[in-house]
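Novice: Counting with mature numbering (1 follows the signal peptide of the UniProt record, and there is no 0), you get residues -23 to -1, 1 to 255 for the letters of the sequence shown.
Source of the hints: derived by calculation from the structure; they are not laboratory data.
Check before you lean on any hint, since a few could be wrong.
As the list claims (entries may be wrong) - For lysine-lysine, the following BS3-like pairs were computed, each having C-alpha atoms within a straight-line distance of at most 30 Å:
{"no.": "1", "residue 1": "Lys101", "residue 2": "Lys234"}
{"no.": "2", "residue 1": "Lys117", "residue 2": "Lys98"}
{"no.": "3", "residue 1": "Lys234", "residue 2": "Lys224"}
{"no.": "4", "residue 1": "Lys147", "residue 2": "Lys134"}
{"no.": "5", "residue 1": "Lys131", "residue 2": "Lys147"}
{"no.": "6", "residue 1": "Lys156", "residue 2": "Lys181"}
{"no.": "7", "residue 1": "Lys79", "residue 2": "Lys98"}
{"no.": "8", "residue 1": "Lys130", "residue 2": "Lys98"}
{"no.": "9", "residue 1": "Lys188", "residue 2": "Lys138"}
{"no.": "10", "residue 1": "Lys188", "residue 2": "Lys98"}
{"no.": "11", "residue 1": "Lys188", "residue 2": "Lys101"}
{"no.": "12", "residue 1": "Lys101", "residue 2": "Lys181"}
{"no.": "13", "residue 1": "Lys134", "residue 2": "Lys124"}
{"no.": "14", "residue 1": "Lys124", "residue 2": "Lys98"}
{"no.": "15", "residue 1": "Lys147", "residue 2": "Lys130"}
{"no.": "16", "residue 1": "Lys98", "residue 2": "Lys181"}
{"no.": "17", "residue 1": "Lys124", "residue 2": "Lys101"}
{"no.": "18", "residue 1": "Lys147", "residue 2": "Lys234"}
{"no.": "19", "residue 1": "Lys147", "residue 2": "Lys98"}
{"no.": "20", "residue 1": "Lys156", "residue 2": "Lys131"}
{"no.": "21", "residue 1": "Lys188", "residue 2": "Lys131"}
{"no.": "22", "residue 1": "Lys216", "residue 2": "Lys181"}
{"no.": "23", "residue 1": "Lys134", "residue 2": "Lys188"}
{"no.": "24", "residue 1": "Lys117", "residue 2": "Lys156"}
{"no.": "25", "residue 1": "Lys98", "residue 2": "Lys134"}
{"no.": "26", "residue 1": "Lys134", "residue 2": "Lys156"}
{"no.": "27", "residue 1": "Lys138", "residue 2": "Lys98"}
{"no.": "28", "residue 1": "Lys181", "residue 2": "Lys124"}
{"no.": "29", "residue 1": "Lys147", "residue 2": "Lys188"}
Said to hold, decoys possible - Label pairs and their in silico Cβ distance ranges:
{"no.": "30", "residue 1": "Glu92", "residue 2": "Val241", "range": "23 to 33 Å"}
{"no.": "31", "residue 1": "Leu86", "residue 2": "Thr251", "range": "25 to 35 Å"}
{"no.": "32", "residue 1": "Val107", "residue 2": "Pro17", "range": "54 to 64 Å"}
{"no.": "33", "residue 1": "Gly238", "residue 2": "Val14", "range": "54 to 64 Å"}
{"no.": "34", "residue 1": "Lys138", "residue 2": "Ala171", "range": "22 to 32 Å"}
Using N, Cα and C, we set each Cβ at its ideal position, and we do this for glycine too.
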Amino acid sequence: MKRSTLSLLVCALLAAGPGSALAEQDADTVIATVNGVEYPLDLFRLFYVERLQQNPEADTQAVQQRAFDEFMNLVVASQEAEQRDLEDNREVAAALELQRMKVLSSAALGAMAEEIEPSEKALKEAYDQVVERAARTEYKARHILVKDEAAAKKLIKQLDKGADFAELAKEHSLGPTGKNGGELDWFDAGQMVAPFAEAVAAMKPGSHSEKPVQTQFGWHVIELQETRQAEPPSFEDAKPQLSAMLKRRELGERLTKMRDGAMVELNEEIVTVTPKED
């Protein structure tokens, strides 16, 4: 195959859709023969998919060509390693075996995952737990950030006399929200630094902080506008994530059972064995 035709070939192969003739090629369809060694199309496709996952770019002809060039570099470099008998090198052999184990492990886990189908009952029980954990209060507030406590106290006195919070924030706040009157998006306690979250939690909607609140950013004057209870996702919306979670849990339990049931003889000169407690 001539070098000048490679770009068009690669573009055609990767653009082939599921119903195309190329997509239906056998696994051993040859994409290139290099120094007498045949390389199947599936091998290049796997290489290309992994490359896109590591470096997500637009799937253009230029990107495809670079990927094919990298694949050819991989081919000739691996052939050079074989000619140098590097497969017999201790570290290389260990790395190859580890990679083989990883691929087989991934394939086994994928096959096992397909066998697991969480029941509707298990999904609903998991959803109930999500709802319980999701129960939290969210706050809508605004704040004014200043450098020192004295400035914050002056602002509180002005608010006590009926000053407009938003106008004071626009005039005095050092934070990025100042231009918007100090407005913050809805948040829960876990999204804010502790002193700020604690101060808000102790306030009533419609009130402003009676004392300045200090954080690592400076001194805050806070106004709590309203609160609400966080809404959990619906059962149907949460189903895919719940199913994946239950599958991972079941896989973990199966792996633990397989590991505990395996006949293992340890080299105790190298591996320290700690007896399990009853």
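Novice: Now tell me, hint by hint, if it's right for this structure.
Specialist: Hints, verified against the model:
1. Straight-line distance between C-alpha atoms of Lys101 and Lys234 comes to about 26 Å, which keeps the hinted pair within the 30 Å bound.
2. Restraint check: the Cα-Cα separation between Lys117 and Lys98 comes to about 36 Å, which exceeds 30 Å; the hinted pair is violated.
3. A distance of roughly 15 Å separates the Cα atoms of Lys234 and Lys224; the hinted pair therefore holds under the 30 Å criterion.
4. For the hint pairing Lys147 with Lys134, the CA-to-CA distance comes to about 17 Å; that is within 30 Å, so the pair holds.
5. In summary, the hint linking Lys131 to Lys147 is supported, as the alpha carbons are separated by about 15 Å, within the 30 Å threshold.
6. A C-alpha spacing of about 25 Å is found between Lys156 and Lys181, which places the hinted pair at or below 30 Å, so the restraint holds.
7. For the given pair, Lys79 sits about 34 Å from Lys98 by alpha-carbon distance, which is inconsistent with the 30 Å threshold.
8. For the proposed pair Lys130 and Lys98, the alpha carbon gap of about 56 Å is over 30 Å, so the pair is violated.
9. Between Lys188 and Lys138 the CA atoms are separated by roughly 15 Å; this keeps the pair inside 30 Å, and the hint holds.
10. For the given pair, Lys188 sits about 50 Å from Lys98 by alpha-carbon distance, which is inconsistent with the 30 Å threshold.
11. Between Lys188 and Lys101 the alpha-carbon distance is near 46 Å, which puts this suggested pair outside the 30 Å criterion.
12. For the suggested pair Lys101 and Lys181, the alpha carbons sit about 35 Å apart, so the restraint of at most 30 Å is broken.
13. In summary, the hint linking Lys134 to Lys124 is supported, as the alpha carbons are separated by about 17 Å, within the 30 Å threshold.
14. Restraint check for Lys124 and Lys98: not satisfied, since their Cα atoms lie roughly 55 Å apart, outside the 30 Å limit.
15. For the hint pairing Lys147 with Lys130, the CA-to-CA distance comes to about 17 Å; that is within 30 Å, so the pair holds.
16. Among the hinted pairs, Lys98 with Lys181 is inconsistent with the structure: their alpha-carbon atoms are about 40 Å apart, more than 30 Å.
17. Restraint check for Lys124 and Lys101: the C-alpha separation of about 50 Å exceeds 30 Å, so the hint is violated.
18. Pair hint Lys147 plus Lys234 does not hold up; C-alpha atoms about 62 Å apart against a cutoff of 30 Å.
19. Distance restraint check for Lys147 and Lys98: the Cα-Cα separation of roughly 53 Å exceeds the 30 Å cut-off, and the hinted pair is therefore not satisfied.
20. Between Lys156 and Lys131, the direct Cα distance comes to roughly 20 Å. Compliance with the 30 Å bound is thereby established for this hinted pair.
21. Distance restraint check for Lys188 and Lys131: the Cα-Cα separation of roughly 11 Å lies within the 30 Å cut-off, and the hinted pair is therefore satisfied.
22. About 36 Å separates the Cα atoms of Lys216 and Lys181, which puts this hinted pair outside 30 Å; it is violated.
23. With a CA separation close to 10 Å, the supplied pair Lys134 and Lys188 stays within the 30 Å bound.
24. Between the alpha carbons of Lys117 and Lys156 the distance comes to roughly 17 Å, so the proposed pair stays at or under 30 Å and holds.
25. At most 30 Å may separate the alpha-carbon atoms for a hinted pair to count; Lys98 and Lys134 exceed this at roughly 57 Å.
26. Of the supplied pair hints, the one linking Lys134 and Lys156 holds, its CA atoms being roughly 21 Å apart against a limit of 30 Å.
27. With a C-alpha separation of about 58 Å, the suggested pairing of Lys138 with Lys98 is violated against the 30 Å cut-off.
28. For the given pair, Lys181 sits about 25 Å from Lys124 by alpha-carbon distance, which is consistent with the 30 Å threshold.
29. Restraint check: the Cα-Cα separation between Lys147 and Lys188 comes to about 20 Å, which is no more than 30 Å; the hinted pair holds.
30. Between Glu92 and Val241, the C-beta spacing of about 25 Å keeps the proposed range 23 to 33 Å intact.
31. Roughly 27 Å separates the CB atoms of Leu86 and Thr251, a value that falls within the hinted 25 to 35 Å.
32. Take Val107 and Pro17: their Cβ atoms lie about 45 Å apart, and the range 54 to 64 Å is violated.
33. A beta carbon spacing of about 42 Å between Gly238 and Val14 contradicts the range 54 to 64 Å that was offered as a hint.
34. For Lys138 and Ala171, the hinted distance range of 22 to 32 Å is satisfied, since their beta carbons lie about 30 Å from each other.
Checked against the numbered hints listed earlier, the structure breaks hints 2, 7, 8, 10, 11, 12, 14, 16, 17, 18, 19, 22, 25, 27, 32, 33; every other hint is satisfied.
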